[in-house]
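S.K.: Those sequence lines, one after another, are chains A and B. Residues 1 to 972 in this note's numbering are what the first sequence spells out, letter by letter. Residues 1001 to 1272 in this note's numbering are what the second sequence spells out, letter by letter.
Keep in mind that a hint or two might mislead.
As the list claims (entries may be wrong) - Distance ranges between label pairs, derived from CB positions:
id : chain 1 : residue 1 : chain 2 : residue 2 : range
1  : B       : T1045     : A       : A516      : 40 to 50 Å
2  : A       : G51       : B       : Y1046     : 30 to 40 Å
3  : B       : G1041     : A       : V899      : 35 to 45 Å
4  : A       : A573      : B       : D1212     : 48 to 58 Å
5  : A       : W935      : B       : Y1046     : 26 to 36 Å
6  : A       : R958      : B       : G1061     : 49 to 59 Å
7  : B       : P1077     : A       : A516      : 50 to 60 Å
Calculated directly from the structure, the hints in this document are not laboratory data. For every residue, glycine included, the Cβ atom is placed at its ideal position computed from N, Cα and C.
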Amino acid sequence: MARPSQPSPSSPAGRRRWRRSDNGRPPWRSDAARRALLRALVWRPLRQFPGRAVASGLAVALGIAVVVGIRLANRAATQSFRQTDRALAGRADLLVRGPTPISASRLAALNALGGEATILPYIHRIAFDPRAQDTLELYGGDLLAEPPPTAAPAIAAAASAFAVRGGPHPERRAGGGSGAPGPPPRPRGRRDARRSRAGARASPSSVGGGRGPTVAPRTSFAAGDGHRGTPSAPPLLLAAAYAHRHGYRRGQILHLVIGAHRLRFRIAALLPAQGLARAQAGHIGVLDIGALARLLAGPHGHEAFDGLAIRLAPGVSAAAVIARLRPLIPADDVIQPPAARERQAGKMLAAFHANLLALSFVSLLVGGFLIYNAMSLAVLRRREAIAVVRALGAQAGAVRRALLAEAALLASAGALAGLGLGWLFARATVGLLSATVNNLYAVSHPLPPRLTPADIAWALGLAWAVALAAAWGPAREASAITPAAALRPEEPELAFRARQPRWAALCLGLAVVALAAAWLPAPYGLPINGYLSAMAAVFAAALAAPLLLRLVLPPARRWLLHRRRPRLALAAASLLAAQRRVAVLVAALATAIAMVVGVAAMVGSFRQTVRVWLGETLQAQVYIRPLAWSRRHPAAIPPAMVRRALQTPGARRAVFYYSAPFLFQNQPVVLATRWSPQEGARRAVRGGLHFLQAPVAGAMRRARVATPPGMGRTDPSAAPLPPARPLLLVSEPFARRFHLWRGDRLRLLTPRGPLAARIAGVFYDYSSSQGILRLDVATYRRWFGPPPVTNIALYAAAGVTPARLRRRVAVRLARAGGAFWVHDRASLRRQAIAVFDQTFRITDALELIALIVAILGVANTLWAVALERRRELAVLRFLGATPPQVRGLLLAEAAWIGVFAVFLGAVLGAVLAVILIDVVNVQSFGWTIQVHPPWAYLAAALALLFVVTVAAGWPPARWAARADPLRAVAAE
Amino acid sequence: MAAPPLGWRRGYDKGMVWEAAIGGSAVDAPVACAAVVAAEGVEMTYPGAASGAPATPVLRGVDLAVAAGECVALTGPSGGGKTTLLNLLGGMDRPTRGRVLLAGQDTARLDDAALTRLRRRAVGFVFQFFHLLPALTALENVALPLELAGELSTAAIAAVSREALALVGMEEYAERYPGRLSGGQRQRVALARALAPRPQLILADEPTGNLDRQSAQQVMALLRDLSRAQGAAVVLATHSAEAAAFASRVLPLRDGRLGAATAPPRDDAATP
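This is chain A alone, in the form it adopts within the complex (with noise of 0.2 Å):
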């Protein structure tokens, strides 16, 4: 080599020269360095097994892709009611609404307010569309006169050109057609819909009514009744998605169910998707509130609306409104901004979205052991390179951010792949979860799930989180030992062995705090402290694999090589010798079999116990209730259509159910009564319950009422009956919701006052996680009026089988012009189970998840001891093993840890089924779940889990008996 022209860099005139900075800390510094150890530790170790750095990768991506899916599905799920009720509400800066309708003549009291607020009701109906075999929500609101910002154009363009047409039926504007009074004149604009409304003000006694000045709900379109048979249809904006979606026109004749009624709707106009039209999926119709009204309430009916929008004059405080409004409405309307609405959405669906989210979170967490099992392997094989370059100068904490880089790096790759997962999981999901919010809450139509910036951040997040946490204790220990001990190949596992007395303790104490934890309340009506006991014990049994494996492999060695089984025995000492890796394997594989196992039994048993509920409560032959129904928006069926079904032949006796929402303590639940003609009301009202609380005996004997005069077989809905001490019962969700059990006394605001009532018992009820509260009738009509008729249950008469009863009263109602569904026992049962069913298929999928996750890991880790284990394989080979025999220790070894990974995933998954059973379900819904454990299914689930990890082993095993064993041995 020529003599360099310039000092060299080495001699100190040359390091003079060639260093940029004396100031103590040159500029390039930190980055040189830390390039150095980053190339050295992390860039080319990946490079040289990209294998295990996808594997890895693929594990964050699975697990971020679950979680990033349910919280978009959740939100979609959540957003279409946030939507709906937003585009409701409108400008509005209140709303009032109660248990009940409001009556159109209640709008005259609102006179009072004069100027200050101007008040517009409106009515929310969800409609069945039996062509399209679809639901749509249908809105009656004065459009003209208020509508939603982003629709007005659209409902403006739509109202002028029925104007310029001279609307679809001019004669009805007259007042003409099936003996409805018709609707004042069509204003033009604006201005003239507020003139309208100021004539509502005024008088607003007459909605459709036509006699006297018009009410704010003013018919702005000509409207018919639409009832069958009736020739006109009213008409309709329809949304214009759902209008493509299922190939509507502009002109055409849309039938729809409300109710059990069958009407018709002429298709005005189509709203493009703006505003309220883009409000559950575009599943939106638009009506004028005054026909709506008039089609719902019948030709002899009284209108009434479901809320009323009120925008309060500039300068005007809500407070002053409330205090002036709450007098003139009824004490159990309530009046609140519509952000509270909002909000009461978001928390009928929190504990449902919180259960989703955290089961989502299993496969994260299994992800997270399986980032540790990486790490740990990952210091393990470069234990060499770290003790090198600890001895070379890298400080500890250089060594441990490194690694801890490198989880951050695979976190962010697998964050990455994980969002686009993510997006498709939600989009296969939201389907299921939006079946499981109309089956238990109420009907919702999620738009398409969206990817926002903030989800990206927080799946980052997220996956750095879970990542960083996993690696710290493998780059901590990396970190920690000295250069010298590093060196040292037996050093690890001594340490880990050295650390598991103080692991034992530490796996106690957890089991402590899953202990502790489940027994503590659930705050926020969260069962926060149900998944903190659930994660204190999945992190007590991953302390627990290393015991156990330390505890039953030595004494398994030394019986097999005893019964002859060398292979199995060599398994076992490799095992041994190899425990925190495969200590780490067994958690993570177990979390997941824990997973299935616990989510398995609680379904199960919950499956089970609906079913034996069902089988208590379902004791009519058929079961009537009309066909667009919803939880929200309960339709009642109507008295013609009631004496019909009990004049079907072969019916022999009747039941009549009414249930509705109704707010208790400003919170919302089902406030409902049973009665039937051939019973008293209190003893009606106890029928088909099973009870966690039984009703006193004392309480029943005051109950001994007579059958009610006027409650004959074919006039339900009698005279009130004599004042009697109310007799209440809750279901126990309600209870556990509010704290109130049997004994406790409660107020209901009711439409006459404040109810004090005892409860009476509380019963089981998985139908409504909100809570039911059941009058019995005398005291519901006392004090809320004659109950509608919303379910009826038929008893058959001898001889008749429930399904003939069920076409003879399907056939009845059907021709009376009806539309309702109607159920045999044996259909319905059916029809609940498979409603059970669908919602929780997306358990199934998250299990699934997890199970392939830690599978995953499982052949993941067993390449890796197969590739560090190499040489001593190919020593094996050159003592005679053959590669059968190879082949078969490592199977072997994967036996092994199937073995173990069931093992402890059985019991963990015990321990998770009693926590979700006992104390996550009661806290988030309230239902007393009875253990039924199906076992034939955890018993093929779990030996399937270890054919499975046996399996897993199968790719490496090969692999390894396939390898040469010259080239293994050269490679020193």
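Since the structure of chain A is provided, determine the placement of chain B on it from the hints.
M.R.: Just chain B now, with coordinates in the frame of chain A:
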């Protein structure tokens, strides 16, 4: 060994160029001065593997001082404590009793970070099993301690590393990964890595234990000559009398006790 004697000789010549650049001599032994490293009454005991197992004493009252430019060979049977003493001298471990003064600093009084800094500045290691990072090329392995020190620019690090490789006759293998080098070549790369930061002390643990005789002599000669040229002290742990012949002082270490110094066994190859 893959590298021919000529190559080694050429590397040696390059060493002369390098030394010329710093104004020293490759063959003249530097004048011994204050000890670079000293052990005073050092004892080392390893705890038992299992809890309750008796502790294992490895070193018992070792006193040793090595001056700059001096080459000391520690000999003795396996398990005698040679590696342990090297680890203590290099600041990779701390004694149970006594003290180790490395570059004038008591290693037991330094925290881990300070000890690491001291080691980075003052000590170079040569191991029996080379301990080259398999994921890095020969050049990158040599550059690693310089990069970790962070005192030179990237260009300077590359230049110094190449020079160090050239000194040991491995320049043409700079881009090779350790897996593709012979044992002797690996050890020469390891030697270059130890020398590149110009440490005050070079600790070599069985540097020839994995090498054939010829490679062993080449490596030892390089170690002796280059360390002398840099004025570095060398402490060598070895079983090999041939390797010990390159030392200026041979100290037997048996059962954790250091024996009296003996003259190195005569070996023609070891004569400079």
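S.K.: Could you run down the list of hints and mark each one as holding or not?
M.R.: Quick rundown of the hints versus the structure:
Against the hinted window of 40 to 50 Å, the Cβ-Cβ separation of T1045(B) and A516(A) comes to about 43 Å, which satisfies the hint. Between G51(A) and Y1046(B) the beta carbons are some 38 Å apart, a value that agrees with the proposed interval 30 to 40 Å. Look at G1041(B) against V899(A): about 54 Å separates their beta carbons, and that is not inside 35 to 45 Å. One distance hint, 48 to 58 Å for the beta-carbon pair A573(A) and D1212(B), is violated here, with the actual separation near 36 Å.
At roughly 53 Å, the beta-carbon separation of W935(A) and Y1046(B) lies outside the given 26 to 36 Å, and the hint is violated. For the pair R958(A) and G1061(B), the beta carbons lie near 56 Å from each other, so the given range of 49 to 59 Å is met. Checked against the hint of 50 to 60 Å, the pair P1077(B) and A516(A) passes, with Cβ atoms roughly 58 Å apart.
Of the numbered hints stated above, those contradicted by the structure are hints 3, 4, 5, listed in ascending order.
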